[in-house]
Amino acid sequence: MANIKWTTADPKGVLTGAHYLDGNHAACEGALAAGCRFAAGYPITPSTEVVERFASRIPEVGGVFIQMEDEIASSIALQGAVWAGLKAMTVTSGPGFSLMMEHIGLAAMTETPCVFVNVQRGGPSTGTPTLPAQADMMQARWGSHGDYEIIAVSPSSPQECFDFIIDAFNLAEIYRVPVMFMMDECVGHMTEKVIIPEPEKIKVVERRWTDKKPGEYLPFEPDDDLVPNMVKAGDGYRIHVTGLTHDERGYPAATDVTVHNKLVRRLCDKIYKNAHKIWKWEEMDTDGAEIVVMSYGISARVALRGIEMARERGVKVGLLRLIVVWPLPEPRIREIADKVKAIVVPELNVRAQVAREIERVVAGRCPVIPVGHAGAGVHDPNDIYNAIMEALK
Amino acid sequence: MANIKWTTADPKGVLTGAHYLDGNHAACEGALAAGCRFAAGYPITPSTEVVERFASRIPEVGGVFIQMEDEIASSIALQGAVWAGLKAMTVTSGPGFSLMMEHIGLAAMTETPCVFVNVQRGGPSTGTPTLPAQADMMQARWGSHGDYEIIAVSPSSPQECFDFIIDAFNLAEIYRVPVMFMMDECVGHMTEKVIIPEPEKIKVVERRWTDKKPGEYLPFEPDDDLVPNMVKAGDGYRIHVTGLTHDERGYPAATDVTVHNKLVRRLCDKIYKNAHKIWKWEEMDTDGAEIVVMSYGISARVALRGIEMARERGVKVGLLRLIVVWPLPEPRIREIADKVKAIVVPELNVRAQVAREIERVVAGRCPVIPVGHAGAGVHDPNDIYNAIMEALK
Amino acid sequence: MSVTTYRENPVEQFLRTDRMPHIWCPGCGIGTSVNCFARAVLECGIPLDKLAIVSGIGCTGRVAGYLRLDSFHTTHGRAIPFATGLKLANPELSVVVYSGDGDLAAIGGNHLIHAARRNMDIKVICVNNFNYGMTGGQVAPTTHFGRLATTTPYGSPEIPFNLPHLVASCGAVFVARWTTYHVVQLQRSMVKALKKKGFAFIEVLAPCPTLYMRRNRLGSSVDMMKLFKEKSVVKHGIDTKEVAITNYEDPIIVGEFVDTERPTWLDNYNEIMKKRLGDKYVPWGVNNG
Amino acid sequence: MSVTTYRENPVEQFLRTDRMPHIWCPGCGIGTSVNCFARAVLECGIPLDKLAIVSGIGCTGRVAGYLRLDSFHTTHGRAIPFATGLKLANPELSVVVYSGDGDLAAIGGNHLIHAARRNMDIKVICVNNFNYGMTGGQVAPTTHFGRLATTTPYGSPEIPFNLPHLVASCGAVFVARWTTYHVVQLQRSMVKALKKKGFAFIEVLAPCPTLYMRRNRLGSSVDMMKLFKEKSVVKHGIDTKEVAITNYEDPIIVGEFVDTERPTWLDNYNEIMKKRLGDKYVPWGVNNG
Amino acid sequence: MSTSTGRKFIGLVVINSERCKGCEICVSFCPTGAIVMSRDFNSKGYHYPEFKHPEKCTGCGLCGLYCPDFAIYGYREKVE
Amino acid sequence: MSTSTGRKFIGLVVINSERCKGCEICVSFCPTGAIVMSRDFNSKGYHYPEFKHPEKCTGCGLCGLYCPDFAIYGYREKVE
Amino acid sequence: MDRDRIEVRLAGFGGQGIIMMGYVLGKAYSIFEGGEATLTQSFGPEARGGACSAQVILSKNRILYPYVTKPDILVVMSQEAYTRYYPSLKDDGILIVEEELVRLGDLKPNQKLFKIPATRLAEEKVGRRLTLNIVMCGFLAAVTGVVSKEAMEKSVLDTVPAGTEEVNLKAFQVGYEYGKSIVG
Amino acid sequence: MDRDRIEVRLAGFGGQGIIMMGYVLGKAYSIFEGGEATLTQSFGPEARGGACSAQVILSKNRILYPYVTKPDILVVMSQEAYTRYYPSLKDDGILIVEEELVRLGDLKPNQKLFKIPATRLAEEKVGRRLTLNIVMCGFLAAVTGVVSKEAMEKSVLDTVPAGTEEVNLKAFQVGYEYGKSIVG
Ligand SMILES: Cc1ncc(C[n+]2csc(CCOP(=O)(O)OP(=O)(O)O)c2C)c(N)n1
Ligand SMILES: Cc1ncc(C[n+]2csc(CCOP(=O)(O)OP(=O)(O)O)c2C)c(N)n1
Ligand code: SF4
Ligand code: SF4
Ligand code: SF4
Ligand code: SF4
Ligand code: SF4
Ligand code: SF4
Ligand SMILES: [Mg+2]
Ligand SMILES: [Mg+2]
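Respectively, the protein sequence lines represent chains A, B, C, D, E, F, G and H. As numbered in my numbering, residues 1 to 393 make up the first sequence, in order. As numbered in my numbering, residues 394 to 786 make up the second sequence, in order. As numbered in my numbering, residues 787 to 1075 make up the third sequence, in order. As numbered in my numbering, residues 1076 to 1364 make up the fourth sequence, in order. As numbered in my numbering, residues 1365 to 1444 make up the fifth sequence, in order. As numbered in my numbering, residues 1445 to 1524 make up the sixth sequence, in order. As numbered in my numbering, residues 1525 to 1708 make up the seventh sequence, in order. As numbered in my numbering, residues 1709 to 1892 make up the eighth sequence, in order.
Excised from the complex, chain A in its bound form:
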């Protein structure tokens, strides 16, 4: 039986009340509420405030922050901390995220529950360090070598930074995957009221500790839901954890195609087969819509203005806002695609990163119209409006 225990937040990490916070600070508070007690990071605009706040808050909460020598170190120190039993995160933006790719793969392979926060800025390369983009969405999923799956969550307000980073930590624990918390500079630097509930109202997943004894326990034997239960260093299990292909004992089996196949498929299947429990999205007026706009993060909010403009002209436009972007809620997208004239996908990238995946899912049921933007700013709502009007034709 999948050993998933929901509890409530440790009050030490919870600043109950109404706060006026930007997304970066709110994400830090959410992480603390979710039970994150270790963060390793390396400064980078526009994400550093998350760890700056963590550094200042953690001594009172109990835990550690360390600024490592680089992002590579941060992204693995975090995994050491997880195997010592803590919940942990690292925080970065574009260039740092690129440096973390090897360790996202390690976390996927060793099924280390952890959260990578990426406050997206304009790229490629150093790009526009202080300005927004949503152009690391595909990287979040494909950036490390080999096959694995992750979960990506995208908030569109400071309140959601708080709320959904808790989801991110919970999902990480349930599925033992690295979860990508994909913010953008706009959301990170936007300040709004953030209501932090009482600790008892915050639902938190504990680590799925095994209830087996040292002799019986196999560290990578999957439970019902394809996810293995866990132990930590120091508990007497004497586990071995390796980034090599390994069997259920955790022993390397790096030349065994059968073990490899089983492992890699399970790493993907645990997301695919549980996808319906992971999906999260919000819909507005999709019933009876002629056009549905699908978007996420800041772009979903910007799109609302374009939608409003189209509505003023009598067009029936709905919005599907993705909160969990990966995995995509494919059945619902197909359902909508069967009913609408077109799907319009505004996002702050020019390679239609999420749109192309929607297009694949839609498989010709209706046109999918990406509304790209290179970042360093947000869409002009007119562009979204125009795309909607164009799509109607």
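Rather than coming from a laboratory, the hints here were simulated on the basis of the structure. There's no promise every hint is true.
Claimed, not checked - Straight-line distance between alpha carbons at most 30 Å, and here's what the computed DSSO-like set of lysine-lysine pairs gives:
id	chain 1	residue 1	chain 2	residue 2
1	G	1614	A	316
2	G	1584	A	316
3	A	341	B	734
4	C	1060	A	232
5	C	1017	D	1350
6	A	5	C	836
7	A	232	C	983
8	C	1066	A	232
9	C	1027	D	1267
10	B	596	H	1768
11	D	1272	C	1027
12	B	594	H	1768
13	G	1678	C	1066
14	C	1027	C	981
15	A	232	A	262
16	D	1272	B	625
17	A	341	B	732
18	G	1584	A	280
19	D	1355	B	594
20	A	273	B	786
21	D	1271	C	1027
22	A	277	A	5
23	F	1488	H	1820
24	B	625	D	1271
25	G	1636	E	1408
26	A	232	C	981
27	B	594	H	1862
28	B	709	H	1778
Put chains B, C, D, E, F, G and H with the ligands on the given structure of chain A with help from the hints.
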């Protein structure tokens, strides 16, 4: 006018004759024939032989090999060498490729022509270091943050390692992009006859040196084909090259959304708009086929056995073998999709990395059936045969 | 020379015997160092359930996989930052990094110097076999000047690191070097390192007969052990500046070079917090874990 | 003190004047170091078209963008390996790396030590302002012990690197440290470094008034320059072990600490090839380029 | 090199007040006190140095070596 | 500690010949020459050591400390 | 103002405390008056300098689109800010200026104008030039009434660094009274 | 053999030079006889050890599918290799064994068997145990005739490290003659 000059290979680098070489060694010979005179690398199985050969060959050819302290250093030392005027490559496999992601973005942003060789092994993480996969295909395109485009070339024999790495260098020079030479362990360690032509028969593109004078020249002003012409350090142009968003002078404009938009779109468009000049594929019996198998690298060769088996049952099966995988020859794929019952895509990954993109392009015209394999081995031809037979139903 | 005697081979209880035989080549020095390590751990009395071992990738990196301890085989070069996270998150654990020269000093060099600077409370055992074993014998930042490796087929043009000096320069509190010939001394230094609070570093010079020695025609493993015996000079406490090994023919200075005290990163962290936050600060890793 | 006089501000011809004013804050020490650099380049007579400058990312990293030279603004921490490729591919170029303490010693630390070890023929100017300027004042591996930074809001628990000692331990052939107060001496050392064959390293201590000094209530830029003046002790040739700066109050040892000779990486490479391949080997970078 | 009457060189200073950011370094470290901060602002709102006491200036050039904004330059001119 | 007649301890050696890879280190560095390489092969084709001269063995344990394959172990047993 | 959505833009140059003004306003409205307020900001080069602008949307309801397109209230503290943003001010919007830093052109008939020498007041009446943004907060509260004096005051106190409450409260008073003296 | 596609598998353990045998065979056929030959190999742990196998496809035409499924010729140099691969040998295939390392079971009626004590021959007749793989090359050429003696000889010379030509040529001769003495 795009300043592209085709010449023939420098005889110093060309070992004319018939050789019995594995793919890794052949790739090295191809690189030398293409004019590569600098390689920086860091050892990793199963790719190291490429640089080992380079290290032993280069002193006689004229040039330098240096083993750097890591892949990060290698992937930027190479770019330094390019800006000093040489053609250059680096060579790696999965984990090293992940570490190079930041610098693939840098090369894309600074339009530094260079070649990244990735001899793919099983992943994620350390995975199966000595065994094949084709699971870094999406990473090759999406692995760095922000939007950019690259070219990916995939050989399926040692001869093609030789021939097509020359293409890779040529494409890098023409489009000023990092070109990903995506081998796999099978091709890298497979030995066959490799015919190296006379130097005069090898077509090589020179760097697209500007013919403008220092005062007139703008380092990032695109030519007709959207690609800027180039100079090198030491030529008196006193250029500035930055990974920040920059204008045509090369000056940072990291808060200018217009400049950013123009630059990022051009970086993508130079590939999109020239795609028809970049595509390269091979077809066998696609005319009148009921089923077309689309594949690349070693899998395309393995697929031939499955195809043979289906033909023995009277099924009309064609093969489209992608040589340039990115960008995909979209129009041709659609053309085929309109005529066949299904497209079957065997590849050594389980996330349908190229198949999903074919599926998007096909947009419902016909079913696209991925035949996944986790790697650490190649497909059982039966699986491909079965997929073909299944697709017929 | 005094050797503690056990009734059964003390290394046995440390081994994942179901994984034997190991993949190391005949005569490879890594296994020898493991013998010393096993005995050292027993001798210093650390509870085995509280001892974690972290390796990078390489032949030496496989040590983690053979030891029946909580053991982590991470990524190439990154054992130290993983160990840092492990240690800081649960300061009760004793954390040992066991890896190769290439892993720790080539790709992992930055983590090495920063951990030493921070006096992070981890112990690093570096098996230096003068090349990259796992990947087939490439040049390492420890390869003797002018010697052959697959990527320096005409000889290495690089002066190797003086590893003890490098880590000492960054502030390591315990630095020693031995060869696989010096099993007794190595074991003794390992005991000291394990008991030491702070960043301890032990370099173990070891034969890689299959690759480094064969390519350089240096004979068998036994030959190199004999060379170790002949060329070694014990100089405890010598300035690490003096212990460079540049050429294969150089004398090999071995011994315990540094053995000093300073607060660890976590000591300083707790100290600083206490100073600023007063009694409301609960020192991390002292009672919790 | 003797200052060479030019009719026009010699820095002017080095500037991309169309990019002035620069983004550095009032009183930031980076610009001061650029004055010295410009004069040093003129003084040592390197043809400007053959001088390339490489920076990483940071406030100091912006130097490349302001200098009217072939200039490369690369990625954070990676100026040295870029410079290595540039230099090896065209050994005729003089290659200078100009970057910040965080860039060179935090994320870039590994490249720094390896380039020093290899005696790669590049000159590194490291502006040490004791923190990360560009990103808003985070702790650096150079921050004084116990001082505030945004990521160490209660004080840094880390002992900073002794950068001259670090690079000297790895084999740098020229190592100096000055402050932005010591403009004349700095210029002179820059001339020496530029003329030196091999890996040269100059640390320039500089005020970051906006972040480091403000957060630590250290006064204005002028105040720090005065501190530099008061606390500095010139000790040429002193053992770099002795030049650590751990606390803000420590004396600041400045001077030229190392000035020695050994073959560069390329010298050795050519030498080794010639030895093995004989006359058919054409030394790289001697006549070609 | 005493007063204007007997000097072989005079010190001259060029100030680009628009580049100045008012850090006062030049003024603080001019060995002779030849420059002082003006009461005026430039268009960015910064006070900039004024060449108040040309007679004191030795043209040592230190102001120009120090100025982080390349806004001041002192040099020597022969008096014939 | 002289001959078997007067010894308080005897040295004993356990050899796991299947683990042995024939490197000869134990034999080469045994201080007393108590062990020698056998002429036999194990199933992997390696010669392994033989405890040829038990009387010479002091049970010093060095063979076990050296053996990279955990294939030999020497220890001391009290003679009562 | 009793529109459901009030758009405010505050603009000037780095060092004037523009973002903090936005923060104080947004917090006053959302935390201390129970409404919703979204503050967004333009961000210059990585750490420092240049032109600076903050945008605040105030609303009783959930704020969907978070950016200002045509401000109801425009506060300009530099000439550049005026030139750049004035054209976007609503036809019946309110313009607030730091009068000694901005030279104005003509206004549209239904636009209202309020001027204050905030920098000078901060220097002369508060004795701390750096409090000019808090002076401006007081002024804004007084002349626009978008938030109550009490809420704005609480917000100031809740925002400024510990130890500077008093001087900032004084600055707020100075600005508020200067405003009240105009609107009566 | 005059099939268009001849599949050869060579198997044994690390250190026997299995891959080099495959290399010599493939090169002989493709470079010195103008055919096509694809050599692939199983690869053990990153650098060393264990079971080892090479596969060579020989054909007059372009080789598409590059792997051996049912070998025409199987060379086994260890018991493990025999156990593992014998079942895949074609019904009319040729089995070649290092007779002192392999204990055989029964063959199918149309299969042919050739045995050689290659290791001993290398030790005794050549004086270098390590040349056993070249002895085997000679033997294979002699008993199968898939490549000519000349091509195989050239290939050996072209492949072995400089300075070892003579001893390897000798090894080749030893194997070849041993083979000829069997097939006559
Ligand atoms: C990122 C990355 N780069 C390269 C490799 C390949 N690799 C594996 S082990 C190794 C070097 C091992 O050398 P060393 O650390 O000296 O260990 P040894 O094998 O000699 O004990 C390398 C380069 C890798 N696994 N990951
Ligand atoms: C990979 C990566 N990580 C982080 C950053 C963010 N970043 C930019 S500059 C900098 C530090 C600058 O500090 P330093 O090198 O000391 O230069 P200074 O600004 O102080 O002159 C950092 C962390 C980045 N650009 N890239
Ligand atoms: S290759 Fe070298 S280091 Fe690796 S196991 Fe063999 S002898 Fe040891
Ligand atoms: S932040 Fe510091 S280092 Fe950066 S420009 Fe300002 S004063 Fe200089
Ligand atoms: S040149 Fe020298 S004396 Fe004259 S103003 Fe400048 S610093 Fe003063
Ligand atoms: S040093 Fe330069 S910037 Fe500073 S006050 Fe003088 S002229 Fe102005
Ligand atoms: S225990 Fe000592 S004396 Fe006895 S065999 Fe082993 S090494 Fe020799
Ligand atoms: S040391 Fe061990 S492996 Fe080597 S010969 Fe002796 S028993 Fe065998
Ligand atoms: Mg090694
Ligand atoms: Mg700095």
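Verification of the hints:
{"no.": "1", "hint": "1614/G <-> 316/A", "result": "holds (29 Å)"}
{"no.": "2", "hint": "1584/G <-> 316/A", "result": "holds (26 Å)"}
{"no.": "3", "hint": "341/A <-> 734/B", "result": "holds (27 Å)"}
{"no.": "4", "hint": "1060/C <-> 232/A", "result": "holds (29 Å)"}
{"no.": "5", "hint": "1017/C <-> 1350/D", "result": "holds (27 Å)"}
{"no.": "6", "hint": "5/A <-> 836/C", "result": "holds (26 Å)"}
{"no.": "7", "hint": "232/A <-> 983/C", "result": "holds (23 Å)"}
{"no.": "8", "hint": "1066/C <-> 232/A", "result": "holds (29 Å)"}
{"no.": "9", "hint": "1027/C <-> 1267/D", "result": "holds (25 Å)"}
{"no.": "10", "hint": "596/B <-> 1768/H", "result": "holds (29 Å)"}
{"no.": "11", "hint": "1272/D <-> 1027/C", "result": "holds (23 Å)"}
{"no.": "12", "hint": "594/B <-> 1768/H", "result": "holds (25 Å)"}
{"no.": "13", "hint": "1678/G <-> 1066/C", "result": "holds (28 Å)"}
{"no.": "14", "hint": "1027/C <-> 981/C", "result": "holds (25 Å)"}
{"no.": "15", "hint": "232/A <-> 262/A", "result": "holds (24 Å)"}
{"no.": "16", "hint": "1272/D <-> 625/B", "result": "holds (23 Å)"}
{"no.": "17", "hint": "341/A <-> 732/B", "result": "holds (26 Å)"}
{"no.": "18", "hint": "1584/G <-> 280/A", "result": "holds (27 Å)"}
{"no.": "19", "hint": "1355/D <-> 594/B", "result": "holds (26 Å)"}
{"no.": "20", "hint": "273/A <-> 786/B", "result": "holds (26 Å)"}
{"no.": "21", "hint": "1271/D <-> 1027/C", "result": "holds (23 Å)"}
{"no.": "22", "hint": "277/A <-> 5/A", "result": "holds (16 Å)"}
{"no.": "23", "hint": "1488/F <-> 1820/H", "result": "holds (29 Å)"}
{"no.": "24", "hint": "625/B <-> 1271/D", "result": "holds (24 Å)"}
{"no.": "25", "hint": "1636/G <-> 1408/E", "result": "holds (29 Å)"}
{"no.": "26", "hint": "232/A <-> 981/C", "result": "holds (23 Å)"}
{"no.": "27", "hint": "594/B <-> 1862/H", "result": "holds (28 Å)"}
{"no.": "28", "hint": "709/B <-> 1778/H", "result": "holds (26 Å)"}
The structure shown violates none of the earlier numbered hints.
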